[in-house]
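Starting from the known structure of chain A, arrange chain B on it as the hints suggest.
Protein chains: 2
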Amino acid sequence: MRRKDLKRTFKLIPYEKALHRLEDAAHIEPLEIEEVAIEKSAGRVLAIDIVSMQNIPKKNLAVFDGYAIQSTDSMNASARNPVTLKIVGKTFPGETPHKLSSGQTVFTACGAPVPKASDAVIKTENVQLLEDEIQLRFSVEPGENIALAGEDVEKGSLILEKGCFLRPQDVGLLAGTGMKAIKVFKRPKVGILSVGDELIKLGEKNPDKIVNNYALIVSNLVSEFGGTPLLLGIAPDNLEQIKKKLSEALEKTDIVATIAGCSVGPKDLVPDAINALGEPGIVFHGVKLSPGKVMGAGIVKDKPIVMLPGHIVSTYAGFYLILAHLIAQNSGLGKKFPLSVVKARITRDVKAKPIASFLRVRLVNVDGEFEAEPVKGDSSVLTSLVRSNGYTIVPKGEGIKKGTAVEVVIYDRYEFTHIMRS
Amino acid sequence: MRRKDLKRTFKLIPYEKALHRLEDAAHIEPLEIEEVAIEKSAGRVLAIDIVSMQNIPKKNLAVFDGYAIQSTDSMNASARNPVTLKIVGKTFPGETPHKLSSGQTVFTACGAPVPKASDAVIKTENVQLLEDEIQLRFSVEPGENIALAGEDVEKGSLILEKGCFLRPQDVGLLAGTGMKAIKVFKRPKVGILSVGDELIKLGEKNPDKIVNNYALIVSNLVSEFGGTPLLLGIAPDNLEQIKKKLSEALEKTDIVATIAGCSVGPKDLVPDAINALGEPGIVFHGVKLSPGKVMGAGIVKDKPIVMLPGHIVSTYAGFYLILAHLIAQNSGLGKKFPLSVVKARITRDVKAKPIASFLRVRLVNVDGEFEAEPVKGDSSVLTSLVRSNGYTIVPKGEGIKKGTAVEVVIYDRYEFTHIMRS
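Those protein sequences? They're chains A and B, same order as listed.
Residue 133 in the numbering used here is what sits at position 133 of the first sequence, and the numbering runs on without skipping anything.
In the numbering used here, each number is its position in the second sequence, counted from 1, plus 422.
Take these hints with a grain of salt, some might be off.
Claimed, not checked - No more than 25 Å apart at the CA atoms, straight line, and that leaves these computed lysine-lysine pairs for DSS-like: (1) Lys189(A) <-> Lys462(B); (2) Lys623(B) <-> Lys155(A); (3) Lys538(B) <-> Lys343(A); (4) Lys723(B) <-> Lys40(A); (5) Lys351(A) <-> Lys545(B); (6) Lys765(B) <-> Lys59(A); (7) Lys765(B) <-> Lys209(A); (8) Lys439(B) <-> Lys180(A); (9) Lys205(A) <-> Lys765(B); (10) Lys396(A) <-> Lys545(B); (11) Lys623(B) <-> Lys205(A); (12) Lys209(A) <-> Lys538(B); (13) Lys201(A) <-> Lys605(B); (14) Lys17(A) <-> Lys201(A).
Said to hold, decoys possible - Coverage of chain B stretches by chain A, computed from C-beta distances (three or more under 8 Å per stretch; other residues unrestricted): (15) 513-519; (16) 627-635.
Claimed, not checked - Have a look at the derived ranges for each label pair, beta carbon to beta carbon: (17) Thr228(A) <-> Leu551(B): 43 to 51 Å; (18) Asn81(A) <-> Arg843(B): 54 to 62 Å; (19) Arg843(B) <-> Pro82(A): 53 to 61 Å.
Derived by calculation from the structure, the hints in this document are not laboratory data.
Model, not experiment: these values are computed from the prediction.
Glycine included, every Cβ here is placed at the ideal spot set by N, Cα and C.
So that you can see chain A by itself, here it is in the shape it has in the complex (with noise of 0.2 Å):
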């Protein structure tokens, strides 16, 4: 039943492999640059790296609610020889800084410029405070209680990177050093097509048919990831029609996700699809990974199209080992793969498999350690994603020991809600 008039390419190799050789053949660079309001910043990545135009703070301030002075007045105070000072004004943050010589003071509240001629805060609660005068008991250094001119964040320095996702704190400083708008690489369209006669949208009842929620999951995963999801519908398991609607996809997209259609059988049509559209078409298809063998995928007018297999496990690999890289490679993060890695304690022996396995595992937190359980269930199993909260990579020929530590990646942020704490 096999179609030997078409190139068929299905060749197993290491995922990473797999990966380097599309990102080889991709020239995978990130998007176009646009400006966002900065309140519309967070989660963008930058593209631009940025120097402050200004110091934080832009003067002198006072870090607590205290009494300016200059530090060499306080030279030879002590209990037994107090220093005497003259409270000459206050100054409340947002103010002019108040004029001060020796022998004097000025009440400065926290956040308050000091005055110039000022090195030096002294908290309210250590002074004696008399009518219009305060008594030093102790010598204090110069700097004390002070936040200078440009020691959080000093004029002309580079403050933030070309390529890093804004978080909100990194917003929170661009807008502090007076910047209105910030130049971020635009999100990359992820166009997603689901393959095969069985399928019917969401909500549509057919007793013999399946409706199509796992494009609804790749797609929640695309936004995660930084992606703009594009749901392109269902092809049928027709050449014609898979290929015309992967043209569209490419006209659209930047890049393109298959969902099913990408194995070995009669009815596996997106490899031929991909190779008909154009040069160099697939570009690897079948890596050494179970789950997720048949993922694959192509080039076409210098786009990706990633195929991902259609068993809900499988396609979370192709995600994951392949999807979720070219996204953020598109997004401009570059090699800086978003993902959640932590290290946990598998709870029982894993046997060793002729080939890398995909293992989905359900963490446990254990005053802050973790502890991986695998969980069971066939590669068409969505229960054993919604049982698991992130996947570790077995190698081939090898099992891993109960107690053993392994690298895991959680799926998304939503997880920590739903991990365990014992």
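The following block gives chain B in isolation, referenced to the frame of chain A:
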């Protein structure tokens, strides 16, 4: 300079006790339930238990391309004594299962329903294919290569419990059982009010003033933790104006967070404003933690008002130790706090202090295990948060010896791309 006419309640208590006191006083319940389309449900908190209305798979399905048989037909098969079965048809996914009798077989593609009378599928590569017959050279067990109806999800079984964040795979599971809309808890609306005469709006210029960038940070953190932030602008250091802004905030939000104005100086008027607005007013003010000592909270009109301190590191402490918990509980997550907690070894000695401290750490991932490098900087130094990825609490009176493993709360998901790999 203290105003003796106003009730003052500043008193340091342990931060855990502060949170409990607030929780007890506030009776925080999840908000109302709303229904959202399944496509929009990822990241929302499920409001009801979900029982599956159908089996997944709906029918017995072939797990590989192969031949469906009655396993009893294979009982005596061996290489010496092969059994021959007649091919009577083929079935692909989404089709109605073929009929089958003893002595017969049906080609069944991966994912296709198997004939009712069949209880095993033999992989294509494991049979000898003749014209319209196959030869078996070994016996198979019942159930071989078949995913049984209900194997993944059984009709009538509880598949997801109320009070969990919906992850991509959960959404897929719900869609797979035929659901189109999901009942979730409303997201809590969190009002954010900045307080201080020194503050100006983002993008405004004034050499004596400071832009209100901390509100933007808190707003992004609120979003990250599942709340809907509402930026309420700036209130000056004026009791009446703070009261007015807070009253308005209480009308349109579920939780109010103030930033700054909650220390013990003459212009720290937020506690007074809260006490003046109604009973019980301030519930706690002051925690035994540094930075973060002056955080506090009150309740007015049954709604919590969290006073986040004005120094940004203290603001963070208040967010993670108090506000994030309220958002989680109001979201319907209960005590399941959506934080990423990992264990990490401290890279240098941390000195004992008389009260607990909120220690910022920079994480380095060494072969999947984390090292935590303490990050220095005054409580007002925003770049110390930019340079760190999370925090750990150093207990009072206890230092941490270099090499000790501590629990680190990772600020949010974006940190994972910032954590250095050694």
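Against the structure, the hints come out as follows:
1. Lys189(A) <-> Lys462(B): 18 Å, holds
2. Lys623(B) <-> Lys155(A): 21 Å, holds
3. Lys538(B) <-> Lys343(A): 46 Å, violated
4. Lys723(B) <-> Lys40(A): 32 Å, violated
5. Lys351(A) <-> Lys545(B): With Cα atoms ~23 Å apart, Lys351(A) and Lys545(B) stay inside 25 Å; holds.
6. Lys765(B) <-> Lys59(A): Status violated; Cα separation ~39 Å.
7. Lys765(B) <-> Lys209(A): 46 Å, violated
8. Lys439(B) <-> Lys180(A): 40 Å, violated
9. Lys205(A) <-> Lys765(B): 48 Å, violated
10. Lys396(A) <-> Lys545(B): 23 Å, holds
11. Lys623(B) <-> Lys205(A): 54 Å, violated
12. Lys209(A) <-> Lys538(B): Distance of about 17 Å is within 25 Å: holds.
13. Lys201(A) <-> Lys605(B): 21 Å, holds
14. Lys17(A) <-> Lys201(A): Violated, because 36 Å separates the two Cα atoms, which is more than 25 Å.
15. 513-519: Coverage by chain A holds here, the residue count being 5 at a Cβ distance below 8 Å.
16. 627-635: n = 7 at 8 Å, threshold three: holds.
17. Thr228(A) <-> Leu551(B): 43 to 51 Å: 46 Å, holds
18. Asn81(A) <-> Arg843(B): 54 to 62 Å: Once the Cβ atoms are compared, 57 Å apart, the range 54 to 62 Å for Arg843(B) and Asn81(A) holds.
19. Arg843(B) <-> Pro82(A): 53 to 61 Å: 56 Å, holds
Figure legend: structure checked against the earlier numbered hints; hints not met, in rising order: 3, 4, 6, 7, 8, 9, 11, 14.
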